[in-house]
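Chemist: Residues per chain, in single letters:
2 protein chains.
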Amino acid sequence: MSVSPLIQELIQALRYLPGVGPKSAQRMAFYLLQNDIKKTEHLANTIIRNLKHIRRCIQCRVLTETELCQICRNTKRAQTKICIVEGQMDTIVIEQTATFNGRYFVLHGQLSPIDGIGPEQIGIPLLLEQIKKNPVDEVILALSATIEGQTTSHYIASALRHLPINITRLAHGLPMGSELEYTDGHTLTHAFMDRKNFAFSD
Amino acid sequence: MSVSPLIQELIQALRYLPGVGPKSAQRMAFYLLQNDIKKTEHLANTIIRNLKHIRRCIQCRVLTETELCQICRNTKRAQTKICIVEGQMDTIVIEQTATFNGRYFVLHGQLSPIDGIGPEQIGIPLLLEQIKKNPVDEVILALSATIEGQTTSHYIASALRHLPINITRLAHGLPMGSELEYTDGHTLTHAFMDRKNFAFSD
Chain A
45 MSVSPLIQEL IQALRYLPGV GPKSAQRMAF YLLQNDIKKT EHLANTIIRN
95 LKHIRRCIQC RVLTETELCQ ICRNTKRAQT KICIVEGQMD TIVIEQTATF
145 NGRYFVLHGQ LSPIDGIGPE QIGIPLLLEQ IKKNPVDEVI LALSATIEGQ
195 TTSHYIASAL RHLPINITRL AHGLPMGSEL EYTDGHTLTH AFMDRKNFAF
245 SD
Chain B
45 MSVSPLIQEL IQALRYLPGV GPKSAQRMAF YLLQNDIKKT EHLANTIIRN
95 LKHIRRCIQC RVLTETELCQ ICRNTKRAQT KICIVEGQMD TIVIEQTATF
145 NGRYFVLHGQ LSPIDGIGPE QIGIPLLLEQ IKKNPVDEVI LALSATIEGQ
195 TTSHYIASAL RHLPINITRL AHGLPMGSEL EYTDGHTLTH AFMDRKNFAF
245 SD
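Listed in order, the protein sequences are those of chains A and B. Residue numbers for the first sequence follow the numbering used here, beginning at 45 and rising by one. Residue numbers for the second sequence follow the numbering used here, beginning at 45 and rising by one.
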């Protein structure tokens, strides 16, 4: 059954959402059409209205509606530790662990010359300028353990090498709860290379 | 990390979409915020604009932008066979099988007195009126094999009982490809009750 053109257009538009394939888009379209039109309009209007007021924190590039985000404004957080992440979802998962009390810097991407994403696009000049003005003691590279993530980490580390900063990266190794038998060779290699002295308190 | 209020509001609004939990809504919100604002506005505008022009086919209640839907206008389809379904997604899956050449009647729900959904809400008076004006030979009840679906089927069948119409329902039985060992007892009972003479051509 070919659905009517306007419904088809709506389905197509919904596919722009991440993780929404043809089947889910169809389901969403009919759901929107069959349910309360006021709630649907609220959804569409919220998208348009809120998007206009949300921009990047001028310091860490987190998306927010204020000039400086909540974390950058929080004087209880160490301003001398910067955790560099690829996306804003990463800041959320790190915050949930409650193990980091510094501030963030969000790249909103990875270096990808082939897609025209160079250091400027991911905010590296802004980061360097900030560190020059307000020196920090540690920069933690919390990027993906993928080729692209590692290339980006490498670029940033090189750019900071001449400064008196402790540059760290997250550990690579066995995910908690995993069994050795089912761990891929690449992870196992890194787990061996990064092995640490056994501590009885761990 | 508590995200900023406007982002929180956007996440909340996205959760209205079916199958979108807190995690996916968060992912969608940041995706919309980090990507092309024009495409996002297109999505929101399409939802608002298209919803205004889509209504129910006056005959079969399929959602469409024309008074009569494509299937009801199609003179090559048997107008004397009506397949009754709960939702529009059902018409799409049935059309994909290419086994039915009649027309549909979409309830957009199931009877549910506790939620205030009675016969009027699912279009039963409209269906009866149509059948009175243009008699049909068969009404196929293609509703869910759930208590609610079966209650609704039963109600419709009763309402049509006094008319010279062949009232049928979809077969219940083993899903194709399933193994007896893993089939639930309820399905197996129905498969036994609905057993058919073995045909060598099947």
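None of these hints come from the bench; they were simulated from the model. Just to be clear, a hint being listed does not mean it is correct.
No distinction is drawn between identical chains; accordingly, a pair holds when it is met within one copy or between any pair of copies.
[To be verified] Straight-line C-alpha distance at most 20 angstroms; calculated SDA-like pairs for lysine to any residue: (1) K125 <-> I209; (2) K176 <-> I136; (3) K125 <-> R99; (4) K176 <-> P66; (5) K67 <-> G162; (6) K83 <-> K120; (7) K82 <-> P62; (8) K67 <-> G131; (9) K83 <-> G63.
Chemist: Could you check the structure against the hints above and give me the numbers of any it violates, in ascending order?
Modeler: 2, 3, 4, 5, 6
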